[in-house]
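Please take these sequences and the hints and turn them into a complete structure.
If you're matching them up, the sequences are chains A and B in order.
With the numbering used here applied, the first sequence corresponds to residues 1 to 755, in that order.
With the numbering used here applied, the second sequence corresponds to residues 1001 to 1132, in that order.
Everything labelled a hint here was simulated from the structure, so no lab data went into it.
Accuracy of the hints is not assured; some may be wrong.
[As the list claims (entries may be wrong)] Chain B regions said to be covered by chain A (calculated; three or more residues, Cβ under 8 Å): (1) 1004-1013; (2) 1038-1050; (3) 1054-1067; (4) 1075-1086; (5) 1106-1112.
[To be verified] A partial selection of chain B residues facing chain A, derived with a Cβ cut-off under 7 Å: (6) M1001; (7) Y1018; (8) M1020; (9) L1021; (10) F1030; (11) L1034; (12) A1071; (13) A1089; (14) F1092; (15) R1097.
[To be verified] Computed Cβ-Cβ distance ranges for the label pairs, DEER-style: (16) B:R1111 with A:K699: 51 to 61 Å; (17) B:P1115 with A:V736: 23 to 33 Å; (18) B:A1063 with A:A735: 13 to 23 Å.
What you are looking at is a predicted structure, and each value in this text was computed from that prediction instead of being measured.
Don't be surprised by glycine CBs; every beta carbon is placed ideally from N, CA and C.
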Amino acid sequence: MAERGGESRGQVPGWAFVLLSLAGVVFALTLVPRVASGEVLRVAIPWLPSFGVQFSFFVDGLSLLFALLITGIGVFIGLYARAYMHGHAQTGAFFCYLIFFQASMLGLVLADNIITLFVFWELTTVSSFLLIGFDHASEKARRNAWQALLVTGAGGLALLAGLLLLAQAGGSMELSELMTAESGVQEHPLYLGILVLILLGAFTKSAQVPFHFWLPNAMAAPTPVSAYLHSATMVKAGIYLLARVHPSLSGTPEWIWTLTIFGAVTAVWASIVAMRQTDLKLALAYTTVMALGTLTMFLGSEAHIAITAAMTFLVVHCLYKSALFMVIGIIDHETGTREVDRLGGLFRAMPITAVAAAAAAFSMAGFPPFLGFIGKELKYEGALAVASEPLLVAGAAIAANALMVGLAAVVAIRPFYGAPRTYDRTPHRPPFGMWIGPVFMALLGLTFGVGPEYVGNLLINPAANAVAGIQKDVKFALWHGVNIPLMMSILTVALGVAVFIFSDTLRRWLASALGHLLTGDEAYDGVKGAILKLADVQTAILQNGSLRRYLFVVFAVTAAGVGGTLIAEGGMAWPALWPDVPIYEWAIVVLIAAGAVVPMAARSRLAGICGLGTVGSGVALIFLIYGAPDVAKTQLLVEVLFVVMISVVFLKLPRFAETTHPPKRGRLGDLTLAAISGGVMTLMTLAVLDTPLNDHLTKYFEANSVPGGQGGNIVNVILVDFRALDTFGEIVVVAVAALGAFGLIKLRSTRAGGS
Amino acid sequence: MEVLLAVLVGWLFGAAVYLMLSRSLVRYLFGLVLISNAANLAIFASGRLTRGAPALVPDGLTAPAEVVANALPQALILTAIVIGFGLLAFAFVLAYRAHDELGTVDTDAMRVAEPIAEEKPVPAASGRETAV
Chain A
1 MAERGGESRG QVPGWAFVLL SLAGVVFALT LVPRVASGEV LRVAIPWLPS
51 FGVQFSFFVD GLSLLFALLI TGIGVFIGLY ARAYMHGHAQ TGAFFCYLIF
101 FQASMLGLVL ADNIITLFVF WELTTVSSFL LIGFDHASEK ARRNAWQALL
151 VTGAGGLALL AGLLLLAQAG GSMELSELMT AESGVQEHPL YLGILVLILL
201 GAFTKSAQVP FHFWLPNAMA APTPVSAYLH SATMVKAGIY LLARVHPSLS
251 GTPEWIWTLT IFGAVTAVWA SIVAMRQTDL KLALAYTTVM ALGTLTMFLG
301 SEAHIAITAA MTFLVVHCLY KSALFMVIGI IDHETGTREV DRLGGLFRAM
351 PITAVAAAAA AFSMAGFPPF LGFIGKELKY EGALAVASEP LLVAGAAIAA
401 NALMVGLAAV VAIRPFYGAP RTYDRTPHRP PFGMWIGPVF MALLGLTFGV
451 GPEYVGNLLI NPAANAVAGI QKDVKFALWH GVNIPLMMSI LTVALGVAVF
501 IFSDTLRRWL ASALGHLLTG DEAYDGVKGA ILKLADVQTA ILQNGSLRRY
551 LFVVFAVTAA GVGGTLIAEG GMAWPALWPD VPIYEWAIVV LIAAGAVVPM
601 AARSRLAGIC GLGTVGSGVA LIFLIYGAPD VAKTQLLVEV LFVVMISVVF
651 LKLPRFAETT HPPKRGRLGD LTLAAISGGV MTLMTLAVLD TPLNDHLTKY
701 FEANSVPGGQ GGNIVNVILV DFRALDTFGE IVVVAVAALG AFGLIKLRST
751 RAGGS
Chain B
1001 MEVLLAVLVG WLFGAAVYLM LSRSLVRYLF GLVLISNAAN LAIFASGRLT
1051 RGAPALVPDG LTAPAEVVAN ALPQALILTA IVIGFGLLAF AFVLAYRAHD
1101 ELGTVDTDAM RVAEPIAEEK PVPAASGRET AV
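Below, the structure written as structure tokens:
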């Protein structure tokens, strides 16, 4: 019974996730006709109106495309994860994180206000952290979750700064206004700062070199998460951001070159590294980095066709990559391994999966009649239209695509064909929930490829138009005739086949060639270690556990702060005249000063107490002379109480002589700090005396003491009437101190009694 | 006199700082006494001094007939003296208890909360598996 109860607990969140995603898909689909006709839907709820912050959302072609991908893939990831996580103790938590992620991601792509966008951006980071570290018993999962959180979180902070500057430069907090209005951000003096900060956010989130290392490490997450967050959706958030700010920031040489170079380097580098992986899941992770680089590279361009290519490739990639990740998950689930060398001959055990894998791989490799083919043709067409450096972009695209072809072949062929191997467990046909996802995604890739007009006109063109900021519909067709892009495709396939044939040799060669390079991962460890070391050193200096050190720092900072302010603000005031004071007052002051020196110099506690008594009584005399008899009385009473108390305590404490004295030279620093602190305090008091006295309150109390408080002693009336609450607070403080002291003494006797 | 008091405040504060930086907890407590005296004097001087004229309203009048001492800082100092005393009483009992438990009044030897040879948490061992 208990077990069944546990299972049904896991069932509810799983179905909830599937049904929520399904509802999202249906809702998004109902919006398609309106958005495709150019309408932009908005909703706004005031949040912090005084700061121009509101909870506002809008739907245009770009948002809708992302929303459909997030919810649509979510449905099949949900079905898949239900089977994949079956029997896991924390299935409920898993699906709650997934729902949390999906909601955050939808919020991100639909947000209009920049603060709303940023909040959802950070929430996707948090949910990604929870999901990467889902297997929290594993050291590796925890470390990699932290890594993803720190890298993308740091980028998120940069993004916030960039967005705020963008709002300042563009004059609006709403993205929809920033991108339509000719905001003039590009001519703004802050443009470069805005660009760098926003790109930092986008590049860390979308794993561009040199920030790419966290994404392969994020494969520590369960496979449904890798398929969903770290290939199809979350890592595209950076791409979404680049597309979103494209109308207001793009077109400058800085934008074009930064995006083109970072994108091209990322794409080529990631596909080379992908070839050397033996773990199929890691290989796919690197191809995701490659795809993100390609998208960045194309978004660097102004050409409408390049942007259309990016949007098409976005859809293509989401479909085939989520399908292939799910396939790898199935293989892992059924055989217990993802190592390419140990896999083979699985076709007989799982034919449906093998066919789905093949179809997805065809799309990945860009073979007709799949959507991937159209995506690739558009990419080549777009590359040739790029204004900056068509050869660079086209070359990078061909190199990356050829490696993709090779890798697609590895993923689709190696596990399923060839000699059957022996596995730890006997491979079965996977459950329905697991294969339906890859099959559906692969079918979608095929359907969209055969009839590209619908998806092109309803989804991709509106998205591309939203990014480019102009209305220009590209006609989607499978066959464009014999042209340059087709030639480039043939070249790509030829290269790709060669890559596949020599994949093992290539892998060995790459492993030895790349083995000694400094990796981003090692750099991350180095930076993290350096920060921890810095914190260690800083703690050892500032907080070494010694009370004297703490006080030294506190007093030094106070003296420097107050003294520095006095100097900086010109608050130094030098008294013009030496005070004209009667001789007996001089005597009192000298007496107090001398009394203060006694406890510093004396070896005897009694002498110290006498010195303090002299100080206290002298201060009381000053109060008495200058019209404060009540204060003087209180001071004297407290002095007496103090002597009684201190005597009682000192009966128990050791003599000075018994406590170790540090050597004299060790206290020279203390003496210097004491002198500086005292000097600064004198200067501050002089500066206060130099400013005119505001006696507004005093005059009020003098005038209202008798009429309002019925008392002639103004000080008393202030204490018990005008400021009675203060006095009440003072009584409470004394009572608390008394209770605390009582407790300290009492606690000891009970403990002593117990032991 | 205010200028003289300003110098005295600095003097007392300096002495207090020196005492509080001592290794002996007893001297630290002496410093605490001096620092509250210095603070009270600073408040007193800031309100300006008037010799021999307590802030009293003579019988039959509704306001002081002549210039009297500033009543506001006096009220503040009264509160400060009492609270300062509460603080001192607590601090003395705390010192007494600390001596009782630790057998020392040397602040450098009081390292229960932050021991000198503290075990540093080992930085998370690298769980890396992916090369490049």
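Go ahead and decide if the range 23 to 33 Å is satisfied by the Cβ distance of P1115 of chain B to V736 of chain A. holds (30 Å)
Take the stretch 1054-1067 of chain B, compare each residue's beta carbon with every beta carbon of chain A, and decide whether three or more fall closer than 8 Å. Our answer is that it holds, as 10 residues pass the Cβ test (under 8 Å) against chain A, meeting three.
Are three or more residues of the stretch 1106-1112 of chain B within 8 Å, CB to CB, of chain A? Holds: 5 residues of the stretch 1106-1112 of chain B have a Cβ under 8 Å from chain A.
Under the criterion of a CB-CB separation shorter than 7 Å, is Y1018 of chain B in contact with chain A as hinted? Holds. Min distance 4 Å.
Taking the closest Cβ pair, is F1092 of chain B under 7 Å from chain A? Result: holds, 5 Å to nearest chain A Cβ.
Chain A contact restraint on R1097 of chain B - CB to CB distance below 7 Å: holds (5 Å)
Holds or violated: M1001 of chain B as interface residue toward chain A, Cβ cutoff 7 Å? holds (5 Å)
Return holds or violated for the Cβ distance of R1111 of chain B and K699 of chain A against the range 51 to 61 Å. holds (54 Å)
Given a cut of 7 Å on the nearest C-beta pair, is the interface hint for A1071 of chain B held or broken against chain A? It holds, given that the least Cβ distance between A1071 of chain B and chain A is near 4 Å, below 7 Å.
Are M1020 of chain B and chain A close enough, Cβ to Cβ, to be under 7 Å, as the hint says? Because about 5 Å separates M1020 of chain B from the closest Cβ in chain A, which is inside the 7 Å limit, the hint holds.
Just to be careful: measuring from the Cβ of A1089 of chain B to every Cβ in chain A, is the smallest value less than 7 Å? holds (6 Å)
Given L1021 of chain B as an interface hint, is its Cβ closer than 7 Å to any Cβ of chain A? holds (4 Å)
In this structure, the one hint that does not hold is number 18.
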